[in-house]
Amino acid sequence: GAVVSQHPSRVICKSGTSVKIECRSLDFQATTMFWYRQFPKKSLMLMATSNEGSKATYEQGVEKDKFLINHASLTLSTLTVTSAHPEDSSFYICSAEGGGRYSGANVLTFGAGSRLTVL
Amino acid sequence: QQPVQSPQAVILREGEDAVINCSSSKALYSVHWYRQKHGEAPVFLMILLKGGEQMRHEKISASFNEKKQQSSLYLTASQLSYSGTYFCGTEINSGGSNYKLTFGKGTLLTVNP
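Residue numbers (the numbering used here), protein chains in the order written: chain A, 329 to 447; chain B, 1250 to 1362.
To be clear, the hints were calculated from the coordinates, so they are not data collected in a lab. All C-beta atoms in this analysis are idealised placements derived from N, C-alpha and C, irrespective of residue type, glycine included. Any given hint could be a false lead.
List time: in silico EDC-like cross-link candidates among lysine to aspartate or glutamate, alpha-carbon distance up to 20 angstroms [claimed, not checked]:
{"#": "1", "chain 1": "B", "residue 1": "K1349", "chain 2": "A", "residue 2": "D416"}
{"#": "2", "chain 1": "B", "residue 1": "K1354", "chain 2": "A", "residue 2": "E380"}
{"#": "3", "chain 1": "A", "residue 1": "K370", "chain 2": "B", "residue 2": "E1289"}
{"#": "4", "chain 1": "B", "residue 1": "K1349", "chain 2": "A", "residue 2": "E387"}
Here's a subset of chain B near chain A, in silico, CB distances under 8 angstroms, partners left out [to be verified]:
{"#": "5", "residue": "E1263"}
{"#": "6", "residue": "K1286"}
{"#": "7", "residue": "M1295"}
{"#": "8", "residue": "K1349"}
{"#": "9", "residue": "L1350"}
{"#": "10", "residue": "F1352"}
{"#": "11", "residue": "G1355"}
{"#": "12", "residue": "T1359"}
Only chain A is shown next, with the shape it has when bound in the complex:
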């Protein structure tokens, strides 16, 4: 089946530094990838939609300059948290479209997530 690899799974960084998270579709081409943020016991909050070769579309309230998204190829999207602060600590998950269809609709395949802790 379709697999999405997300790396790193855990990262701890100092306040003010930048952190890059990678999301790769291993066995399919993902024209669109999505980035979510998930707080403990909370829902998956969509941050942005990433399309290969074009600028990401950010959801309302998400800072574009804080969360840089690059979708350079059909199998790789990256999320860079710039000048990270403790309030950016969270679980970040990516998903990719293109790994399969079900009843005529697109199925999203999720990565396993990246837990970011900013000290």
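Once you have looked at the hints, place chain B on chain A.
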């Protein structure tokens, strides 16, 4: 708009049944159901597209009402492996370049021996 999921949490004994609901104030294009175990990626269960539709994934089934504003997930004869958080993801538009899912807050299901 975020769909409303209920209940927030449910505890079952192995073999018992449960129903999880997902409601929207607007008619939906589709409803997607996912299960997420702690620390893992959400895993796809099924998608419903048509009003009145019912789908099944092993012993888990789901329905989509005629107005396409409510979906229910039915877990029958629950197994320990069913434990996890269930999310419904809803799509209002017909996909294409505007395709995106809005997820409910999730329902934490715990199945005990």
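Taking the hints in turn, this is what the structure says about them:
1. B:K1349 to A:D416: Since the Cα atoms of B:K1349 and A:D416 sit roughly 23 angstroms apart, the hinted pair is violated (cutoff 20 angstroms).
2. B:K1354 to A:E380: violated (29 angstroms)
3. A:K370 to B:E1289: Holds, because 14 angstroms separates the two Cα atoms, which is no more than 20 angstroms.
4. B:K1349 to A:E387: holds (11 angstroms)
5. E1263: violated (24 angstroms)
6. K1286: With a closest approach of 10 angstroms, the B:K1286 hint is violated.
7. M1295: holds (7 angstroms)
8. K1349: With a minimum Cβ separation of about 6 angstroms from chain A (threshold 8 angstroms), the hint on B:K1349 holds.
9. L1350: holds (7 angstroms)
10. F1352: holds (4 angstroms)
11. G1355: holds (6 angstroms)
12. T1359: violated (13 angstroms)
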